[in-house]
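Participant: These are the residues of each chain, in order.
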Amino acid sequence: MQNWLPLFVMAPLGMAFINLILTKFLKNISAYLALITVFFLCGLSFRFIGHEPFHYAIGSWLPPLGITLVWDPLSQLLILIVSIITLAVTLFAIPYMQQYTAQSKFYSLYLLMIAGMNGVILTGDFFNLFVFLEIASIASYALVAFGVEAEELEASFKYLVLGGVSSTIILLGIALLYSATGTLNMADMAITLHQGVSKNLLFFIFALFLMGFGLKSAMVPFHAWLPDAHPSAPAPISAMLSGLIIKALGIYCVARIFFMVLGIVPVIQTILMVLGGLSMVVGVFLAVGQWDFKRLLAYHSISQMGYVMVGIGLATPLGLLGAIFHLLNHAVFKSLLFLCSGAFEYTTGTRQLKQLGGLLKKMPWTGASCSVAALSISGVPPFNGFWSKLIIILALFQAQYYFLAVVTVIVSFMTLISFIKVQKYALFGTLPKRLESIREVPVLMISGMFILALLCIGIGLFYPFYGQLILESARDLLINASHYTLYAIP
Amino acid sequence: MLIYFLNSIIFVLGLYCLIAKKHLVKKIIGMVIMEYAINLFIILIGYKDSGIPPIFLPNMELATFTQQSVDPLPQVLVLTSIVIGMSILALMVAISLRLYEKYKTFDMSEIRRLHG
Amino acid sequence: MNLLILFYIPAITAAITLLLSRRIKYLQEIISFAGSLVFLNYALRAFSLRDQFLKISWFNISFIDFSLDFRLYHFSKFLLIFLGLFTLLTVLYSAGYFRQRKISRFYFPFISLTLSSATAIVLANNFFVLLVAWELVTLLLFFLIAMGEGKPAAMAAGKAFAILGFTDVALLLAVIALPIAYNTWIITDLKILVGNPLSVAIYVLMFTAAIAKAGAIPLHSWIPPAAVHGPLPAVAFLPASLDKLLGVYLFARITLDVFEFPIDSGLNMMIMIIGGATILGGVLMQIMQSELKSLLSYCAITQVGYILLGIGSGHPIGIAGGIFHMLNHAIYKSCLFFSVGAVEDRTKTTQLDKLGGLATSMPVTFMACAVAALSVSGIPPFNGFVSKWMIYQSLVDGRSISSMLFLVIAMFGSALTLASFLKLLYGTFLGQHQPSEKSADPAIQFNANRDATWTMRIPMITLALLCIIFGLFASYPIKQFIAPVIGLETAGITASISIGTALWNPTLATTLIIIGLLIGFLVYYFSRFKVREVETLFIGGEKFDLENEKLFASKFFEFIERTKILGGFVREGGKGIFDIYNISSDLGLIGVNVLKKLHDGILSTYLSWCIIGLGVLCFILMVM
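Line by line, the protein sequences give chains A, B and C.
Note that the working numbering numbers the first sequence so that position 239 is 239, with each residue one more than the last.
Note that the working numbering numbers the second sequence so that position 16 is 1016, with each residue one more than the last.
Note that the working numbering numbers the third sequence so that position 298 is 2298, with each residue one more than the last.
Careful, some of the hints might be misleading.
Stated by the list, open to error - Straight-line Cα separation of at most 30 Å, DSS-like style, residue types lysine-lysine; simulated pairs:
hint, chain 1, residue 1, chain 2, residue 2
1, B, 1022, A, 354
2, C, 2348, C, 2102
3, B, 1102, C, 2597
4, C, 2348, C, 2479
5, C, 2102, C, 2055
6, A, 433, C, 2151
7, A, 354, C, 2151
Just so you know, these hints were derived from the structure itself, not from any lab.
With the hints as constraints, model all of the structure from the sequences given.
Facilitator: In structure tokens form, the structure reads like this:
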């Protein structure tokens, strides 16, 4: 069983290249190859649920010399999120991407992105993390520009430059860490750092990583690329970027590195909470003023990531649980929202809210899914967003951050406001004359959205059934971060 | 120490070029300079004055070898990092060419249809 | 009997109707009707049950117990009956109202779901359960209003959800503070002495949620647009009756059970000031309306003021009066909305100017509307009078200048309410018959020759009868429903004596009124045989042309708008200057625009933010 772990990375990585070769002989096969891979990954991740933490040494080179992959509750959570969301997104993408040319290249890049994310999540080696981070990032830069229209190229270039700067900064941080510890294995590094290191150097590295991973997870003031890049990509990729990339490359790395390798300290917690609070407020204010559906969603990603950062910054059991829970929820509902925006664009040809209206009657399935996701993100019970926000606010109260709690609640209200706007302009009201001939989107697209809509309803209500296994185990790991060194190296 | 200082000057130069210059190609050059500064820094970490190549020959003693040889790992890392840098560079150049086709300008401050 | 059955019945009804298509006529209606009938049956059975608790454990997160606690006691018992009754009547009425109109297939399921969530609110013994159900009701209101026609309905629904969402968030904040500050959120375990700032904050937040649901100023502005553009039976169901019941229920519950006020705290005064302001503001706007539904909706705001005055007075009779008024208000306001809906169904308009003389063709609607209108204006012997009388009594008993002031305001409001309902009755049912506009617009069919269908008449008649019964035999509902809630029985004999003196004694007055009516009827009956003469009217020496110089009911109180101070308020109010929704959205937009300007799309700007951010982080971490 443990030997199957590298497949999380190898399967999509290999398939990305096989796909390019096979399409030379068989046209239209790439979509189904991607689908098979994603199904396989999904099944594999379900097989691994509840597995004891362990490390897998690649090529039998024992750590700390060789590269390791590590399976633990935190990576279990992220792998599960990635697998489920990619499954839904792939189902959606198959009909949706018929509009574009060069589909085989799309699916190759898409699989590369999945491979990069899975690599980042599983790896136990610092430089390896950087490499996978870059694989996922470069694939996403290319996918943002996939439409090769003016705005898409512009967004991609900005994303590329800012992402490139953050990658260099992260690399600098990794180099400094290496110079300080003489190892690249994370667990080994954690042990060495624990024995003592210059405080100034450690804080400098903290600052570098805060900026680098802060940019990847779109914390204010490093967020400016996101509202351009996420809406410009094709809808399935927007869903992946907002639903997964910012979490796997941003939040996850912050949690993993800050908690398990560097060791969290109170001043960093405060900074995380300040960054998170700032992101929440700035993101939601900008979102309220948008009329472009996808851009509105993109700004909300910034705001919602702020919630997660606040929870992580709290570092209390309740706060971490809220953050992890919100991470899961946000992946589900934000992907769903982007898929819905894609479905609306697919049928109506526009994503300007003012040009839409009355879509609930013409597209009941898409409309209902969109409504569910909108209510989820605005924190209306019984949908999943409510529960995680509730836990985060509870945690803030418990830690006596009353001001931040009130801010969080107000941000939640403003999220509600802006999604009321979405619903009343897009779903309700009268159908414009121009759109009278539109029809519901193809079944595969609906099925992708439907899976996520069901998850939105189910995740909150069935918490007692899976919470301990998936969420609380990851939370316990973050609290007892030093346990990481017990299983990550021999 | 001086060499680290000089290295950081390269980095800052690259950053300056990236931020202050409006021309697309200059921005790309700035980005590349920045990456090279980092690569140089990684090499410098492993560097030892008058060190020997990290190849363990049969007639060497292990103790002297570990003392004298430079650290091989940074060099390997830099190779990977250069490859990554190259792919980013290729992507940037490709996108900037397309950008020029669409916007008819290389001035990055005029390429701002996405804002607000 | 398991308490949960009350919760399951409407939920199952909703699930069944959700699966049914609207193609088969009356199928959804019949099942919803049957569901609410069964619910009402169980609610009546629950009324005779002993008080009981029910606890279903769900899950724990660290120290917080997310279990579902329910409690059946007198307050919830009588509310359950009325929830069931209103749902039953609404479903029946909707069956008639949507006979020819199109309505979403989600309408009937959502009505049933609303009943289910409202039951959860009423039965909740845990603020967490209450919060979830409370937000569900808001959500369902949003969907129900949005089922109205066209864009205005969507906008009205959005506004309602925005304002109620804000106060739901306030409730959330308060509820979350409870387990942190007081270690529990089980309602019966909480006894909070209002004193320290935290307890005041919790109370104020909960109070905000309660009055926004009920619709008191300044959180009232969602009601008028929702009432005008939403589907009418849904308006009669939620904003007019159920939301009032629930809002006042929460308000009464926290004020009476959970929080204990020190004597002479400012909070009582705050409640009464809000009540007074609501009466004044509501009634002034109400009297200016020339559209039936918006007139009723402003009236719905005004009446909340009385409830707040009653409960805020802190006097047992006032509290009883307030709760009784809540019940009465739900009854007559539903009746009024139903009758306006019947008018709209026949004439396709609710503009006062286009209506008139419908009393002859729609006698049942007219009678029901008249009873309800007189009831809302506080005319004896109808129920509105009794509850208002009790509220006045409590204010008189307050014996302070401020309570006298509030008494004056309340009476002034009552008088203006009467005036505005005279306008409504005159403009709609009396006066001249308006010519039909068949030729002008074929869509507007003036088909007012018949009264409403029986499914619409039965709810109106039932509610009108309730108005009369609760007026004539007021002591019965007060003793059965309301006295146990405020513990009058347990408070001893002195209290029950005081309630006896304060109560309106209907026997004598009713006899007199009935005799008066009888005489009037006899006079009318005998004078009927005389041939009435019609003469040409001369006003100021000129011939008054009845056809062209119509007396428009909508112009009755135009003079108010011309007066200096009041007119200014009313005009500005009409433009929405005092609307908290507009104010806050304007303020928010300033912030939005500043931030949007900052995101200028230039790459160098974004890069410099990143670098400055990195610099600041380095500075904080390394230097400080």
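Participant: Does each hint hold? Answer for all of them.
Facilitator: Tested hints:
1. B/1022 <-> A/354: violated, 35 Å
2. C/2348 <-> C/2102: holds, 15 Å
3. B/1102 <-> C/2597: holds, 25 Å
4. C/2348 <-> C/2479: Judged against 30 Å, a Cα distance of about 43 Å means the pair is violated.
5. C/2102 <-> C/2055: With a Cα-Cα distance of about 42 Å, the restraint between residue 2102 of chain C and residue 2055 of chain C is violated, given a limit of 30 Å.
6. A/433 <-> C/2151: Measuring from Cα to Cα gives roughly 14 Å; hence the hint holds.
7. A/354 <-> C/2151: holds, 11 Å
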